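There are 2 protein chains.
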Amino acid sequence: MTKLKNDLLLRAAKGENVERIPVWMMRQAGRVLPEYRAVRAKTNNFIEFVKNPELAAEVTIQPVDIFGVDAAIIFSDILVIPEAMGLPYQMVESKGPWFENTIKTKTDIDKLIVCQGDTIDYVNQAISLTKKQLDNRVPLIGFAGAPWTILAYMVEGSGSKTFSKAKKFLYTEPVLAHLLLEKITQSTINYLKGQIAVGADLIQLFDSWAGVLSPQQYGEFALRYIRQICEAITEVPTTVFAKGAFFALEEMSKLPCSALGLDWNTDADWARKQVGPNITLQGNLDPCLLYADFDTIKTETEKMLTEFGTQRYIANLGHGLYPDIEKEKAKFFVETVKGFGV
Amino acid sequence: MTKLKNDLLLRAAKGENVERIPVWMMRQAGRVLPEYRAVRAKTNNFIEFVKNPELAAEVTIQPVDIFGVDAAIIFSDILVIPEAMGLPYQMVESKGPWFENTIKTKTDIDKLIVCQGDTIDYVNQAISLTKKQLDNRVPLIGFAGAPWTILAYMVEGSGSKTFSKAKKFLYTEPVLAHLLLEKITQSTINYLKGQIAVGADLIQLFDSWAGVLSPQQYGEFALRYIRQICEAITEVPTTVFAKGAFFALEEMSKLPCSALGLDWNTDADWARKQVGPNITLQGNLDPCLLYADFDTIKTETEKMLTEFGTQRYIANLGHGLYPDIEKEKAKFFVETVKGFGV
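Protein sequence lines, in the order shown, are assigned to chains W and X. Letter by letter, the first sequence follows residues 12 to 353 of our numbering. Letter by letter, the second sequence follows residues 12 to 353 of our numbering.
With the rest of the complex left out, here is chain W (with noise of 0.2 Å):
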């Protein structure tokens, strides 16, 4: 294996020295950028899209040669585990992902497959590629759902405001619920080890729906199985963002992960507090603040890298761009953290 030319983000996620910040952006292979939308418009789904190698290679690249950002992400979908375990879905433009079949019953869930690290061969043949093309310009991060989304998903059906009929299941069903967790949770230690077979430097694990659960049930339905992917995935840094779980923010500093992602609610100091010197925290700009000028993008930026420090961080949105961002705005919050203290 050849050596990467910049390794800041693996260096900061392992908590060694740095010389400057390294930064990338959730969703920076995205709408964005008009570079994207033009390969999109060479599929006529976005899941067909996600399905094809080559151009998820080429959009996973983009934002390394135009936004110049330190990492590089595998354009793919955390709904692809599901799929793949036998439940397919549909993106419907402007809703969001549909789910035609969802989980009921322990009959439903007996028929899932468990997925190996060849099941999702496309997200693996991409990872290759990209690795290629990269030419270990910068690391290749490799990602999945975390179980508890992933559930919230196979039993709501789409996605919802209070992902209530996916509590609900918990509240009625907790030993299909866990019967479920489990077999998600060995698909995706299996799927993530998978990507680092074929080259992904980092793994981070998006629990997006964080959030909607009590401290209780977050602690009983989705930290313990986080904790299992993070014991079992050995070979490379973890990374956990879990958006909303404020609450839980000290527990998960105890998991065996390099580091905790951060939304925009969450304060600098106070996260430090919560989680003590010796993880890497990485986030939290709110994404509309790349609506703002840029002189006032710049002012905020640079405080919220002064709050988090130069070292044990990773600079990143609280949350995935939103389409409608200016790629001038997003490249110039690249190029802030880039000139930062240098």
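Note that these hints are calculated values from the structure, not bench results. Predicted, not measured: the structure shown is a model, and the values here were computed from it. Keep in mind that the hints are not guaranteed to be accurate.
Copies of the same chain look alike in the list, so a pair counts if it fits in one copy or across any two.
[Stated by the list, open to error] In silico DSS-like links for lysine-lysine, alpha-carbon gap of 30 Å or less:
id, residue 1, residue 2
1, 284, 254
2, 309, 176
3, 14, 194
4, 284, 106
5, 338, 53
6, 143, 172
7, 115, 284
8, 172, 309
9, 106, 14
10, 309, 16
11, 194, 122
12, 342, 194
13, 176, 14
14, 176, 284
15, 122, 309
16, 254, 265
17, 340, 106
18, 340, 176
19, 172, 338
20, 254, 176
21, 106, 349
22, 314, 254
23, 314, 176
24, 342, 143
25, 314, 284
26, 342, 176
Based on these hints, arrange chain X on the given structure of chain W.
Chain X only, in chain W's frame:
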């Protein structure tokens, strides 16, 4: 003014001694009750329903009769304020509110009127009627949306997962945002004083979209206007419920209000440590818990009551009742609280 037969809620709000914990439920007058649905069916649409004082009074009192709660809350909608200011809305079935016109410019803001105490007369009529029919059995809660949440709808034009349009307005047009917030705040103060004049015994402010703002924006665009309202409302106790604003809880304990509402993400001990002993806490059972069996509801409710303690506390849910929760489960929650430690 005749004395209330049951003033537990008011005493708990003021920090006076109570012989048992008072309880009510957000959205207790709602679709959970077949009795509500029967009244609702008498009108063509939700807004017509809200504007009918007789029907509003009827459904306001239903939960007192059926659930035995310790307070009624006037049946209305937080969006009556934007409408009265000049921005009408529609309630689209299973989609939520939708505004044909939204606020974009200074001209749009200049055109808005400031509500007086009698502008939204149908709410005052509904309160008068309810007070009369309640016959002092329990206190009647009046309410309004907090200014940031009202601005969010007026700018976004509908509900949203991110409210990115409204947040963009704060970042790009801060002067206009403050102008609009001042107008909303003045309207809200007048509106609430009108409610108090006709009999509201306690006021609750709902900041439903607090959780989409960063701590800094919350301080600048939300909390300062909530403070103005709390300072102006001196006649009756005030409760502030800012959903998702865990990051501001300590700061909120310095508001001149009687009580703070908590969502179900918030741990009781943690909240009490944030706010100190001199403010009443209200909440915060996960409404989805009411999907569980009776034993679980009892166990978890009593656990919550034990954590919050019997004084300086009002039992409630951490969010409104969901429409598909069984009436008997909601009733059982109320009975569990009323039977606790008695």
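Consistency of the hints with the structure:
1. 284 with 254: The answer is both: 18 Å in one copy and 23 Å across copies each meet 30 Å.
2. 309 with 176: between (42 Å within a copy, 21 Å between copies)
3. 14 with 194: Neither: 36 Å inside a chain and 60 Å across chains, both beyond 30 Å.
4. 284 with 106: neither (38 Å within a copy, 40 Å between copies)
5. 338 with 53: within (21 Å within a copy, 52 Å between copies)
6. 143 with 172: neither (40 Å within a copy, 38 Å between copies)
7. 115 with 284: Close neither inside one copy (41 Å) nor across copies (40 Å); limit 30 Å.
8. 172 with 309: between (33 Å within a copy, 26 Å between copies)
9. 106 with 14: Neither way: residue 106 and residue 14 sit 42 Å apart in one copy and 52 Å across, limit 30 Å.
10. 309 with 16: within (27 Å within a copy, 59 Å between copies)
11. 194 with 122: Cα proximity of residue 194 and residue 122: one copy only (11 Å, versus 58 Å across).
12. 342 with 194: Cα proximity of residue 342 and residue 194: none, with 40 Å in one copy and 37 Å across.
13. 176 with 14: Neither way: residue 176 and residue 14 sit 47 Å apart in one copy and 43 Å across, limit 30 Å.
14. 176 with 284: neither (35 Å within a copy, 33 Å between copies)
15. 122 with 309: neither (52 Å within a copy, 35 Å between copies)
16. 254 with 265: Intra 17 Å, inter 28 Å, cutoff 30 Å: intra and inter.
17. 340 with 106: The answer is within: 26 Å in one copy meets 30 Å, while 32 Å across copies does not.
18. 340 with 176: between (38 Å within a copy, 16 Å between copies)
19. 172 with 338: both (29 Å within a copy, 22 Å between copies)
20. 254 with 176: both (19 Å within a copy, 20 Å between copies)
21. 106 with 349: Classified as neither: same-chain Cα gap 35 Å, cross-chain 43 Å, threshold 30 Å.
22. 314 with 254: both (22 Å within a copy, 26 Å between copies)
23. 314 with 176: between (40 Å within a copy, 24 Å between copies)
24. 342 with 143: within (25 Å within a copy, 62 Å between copies)
25. 314 with 284: both (18 Å within a copy, 28 Å between copies)
26. 342 with 176: Answer is between; shortest inter-copy Cα gap is 21 Å, intra-copy 39 Å.
In the structure shown, a violation is registered for the earlier hints numbered 3, 4, 6, 7, 9, 12, 13, 14, 15, 21, in ascending order.
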